[in-house]
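Trainee: So the chains spell out like this:
There are 2 protein chains.
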Amino acid sequence: MKGLVLFAHGSRDREWARPFEELAATVSRQTDARVRLAYLELMPPSLGDAIAALVSEGAKSIRIVPVFLGPGGHTKQDLPKLAAAARERHPGIEIACEAPIGEQASVIEAIAAAIAKKA
Amino acid sequence: MKGLVLFAHGSRDREWARPFEELAATVSRQTDARVRLAYLELMPPSLGDAIAALVSEGAKSIRIVPVFLGPGGHTKQDLPKLAAAARERHPGIEIACEAPIGEQASVIEAIAAAIAKKA
Numbered sequence: 001m002k003g004l005v006l007f008a009h010g011s012r013d014r015e016w017a018r019p020f021e022e023l024a025a026t027v028s029r030q031t032d033a034r035v036r037l038a039y040l041e042l043m044p045p046s047l048g049d050a051i052a053a054l055v056s057e058g059a060k061s062i063r064i065v066p067v068f069l070g071p072g073g074h075t076k077q078d079l080p081k082l083a084a085a086a087r088e089r090h091p092g093i094e095i096a097c098e099a100p101i102g103e104q105a106s107v108i109e110a111i112a113a114a115i116a117k118k119a
Numbered sequence: 120m121k122g123l124v125l126f127a128h129g130s131r132d133r134e135w136a137r138p139f140e141e142l143a144a145t146v147s148r149q150t151d152a153r154v155r156l157a158y159l160e161l162m163p164p165s166l167g168d169a170i171a172a173l174v175s176e177g178a179k180s181i182r183i184v185p186v187f188l189g190p191g192g193h194t195k196q197d198l199p200k201l202a203a204a205a206r207e208r209h210p211g212i213e214i215a216c217e218a219p220i221g222e223q224a225s226v227i228e229a230i231a232a233a234i235a236k237k238a
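Top to bottom, those sequences are chains A and B.
Just so we're aligned: 96 in this note's numbering is position 96 of the first sequence, and the numbers increase by one with no gaps anywhere.
Just so we're aligned: 214 in this note's numbering is position 95 of the second sequence, and the numbers increase by one with no gaps anywhere.
Keep in mind that a hint or two might mislead.
Claimed, not checked - Reference listing, derived: stretches of chain A covered by chain B, where coverage requires no fewer than 3 residues with Cβ under 8 Å from a Cβ of chain B: (1) 10-22; (2) 27-34; (3) 72-79; (4) 108-116.
Unchecked claim - Here are a few chain A residues that face chain B, going by a calculated C-beta distance under 8 Å: (5) Val65; (6) Val67; (7) Leu69; (8) Glu88; (9) Gly102; (10) Gln104.
In case anyone wonders, no lab produced these hints; they're calculated from the structure.
Just so we're clear, the structure is a prediction, and the values are computed from it rather than from any experiment.
Glycine included, each C-beta is placed from N, C-alpha and C at the ideal position.
All chains should be modelled from the sequences, with the hints used to inform the complete structure.
Mentor: Here you go:
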């Protein structure tokens with residue numbers, strides 16, 4: 001079984017998570033991988049907890065997709081450290097980090113279209 | 120002339136701004152409004168400076184689009200305060216704040232599609 005973690009920032013405001021929960025539900029319908037959300041801070045679950053849950057459910061490989069628009073300290077420093085810790089904790093499980101979703105041209109185009117259609 | 124401000128978080132990392140700069144360039148090609156980026160913190164220009172620049176260039180109405188994925192403190196508390204200060208500073212100019220782009224179904228669908236196509 002493959003696991004897919006959508007890794008987002010987190011917020012003190014519970015409502016903040018809503019678009020990410022919608023995203024996780026939408027991705028789940030489009031992939032055979034088991035999808036889980038994880039947050040860097042301020043709300044559970046942590047990346048480590050989400051990965052541990054996927055491994056306990058039988059995941060042999062796990063993709064981590066940063067649901068961040070820009071490539072900054074959270075995706076360039078925090079995430080690699082968390083992923084390294086998860087690899088140490090789960091030897092034999094392949095754990096791969098991808099680029100933040102804001103690096104995808106199709107995502108930028110969709111955001112631009114959503115903004116421009118109201119102009 | 121209409122102004123359009125893309126309001127994002129900001130980062131210590133200059134490279135973080137790249138997707139937002141691409142977004143601004145893409146939106147500019149799709150609208151007659153004059154488009155400017157502004158950041159909440161850590162990098163210039165501030166929202167107040169971006170709005171002042173648009174007003175000095177002749178903007179009579181300004182849309183502020185929060186380029187944030189989730190609705191949290193930055194868009195629910197910080198942005199309204201900054202927009203209120205801008206309205207006080209520029210009486211007669213219509214300044215409207217919109218929902219964060221992560222609230223748009225088309226944006227969530229595009230992010231989901233970009234993630235799922237690699238699964």
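Trainee: Each hint: holds or not?
Mentor: Here is what the structure says about each hint:
1. 10-22: holds (count 10)
2. 27-34: holds (count 5)
3. 72-79: Since three or more residues must qualify, the claim that chain B covers the region 72-79 of chain A holds, with 3 doing so at under 8 Å.
4. 108-116: The restraint on the region 108-116 of chain A holds, since 9 of its residues have a Cβ under 8 Å from chain B and three suffice.
5. Val65: Holds: closest Cβ of chain B sits about 5 Å from Val65 of chain A, inside 8 Å.
6. Val67: holds (7 Å)
7. Leu69: For Leu69 of chain A, the interface hint holds, since the closest Cβ of chain B sits about 6 Å away, which is under 8 Å.
8. Glu88: violated (25 Å)
9. Gly102: holds (4 Å)
10. Gln104: holds (4 Å)
Of the hints listed earlier, the one the structure fails to meet is number 8.
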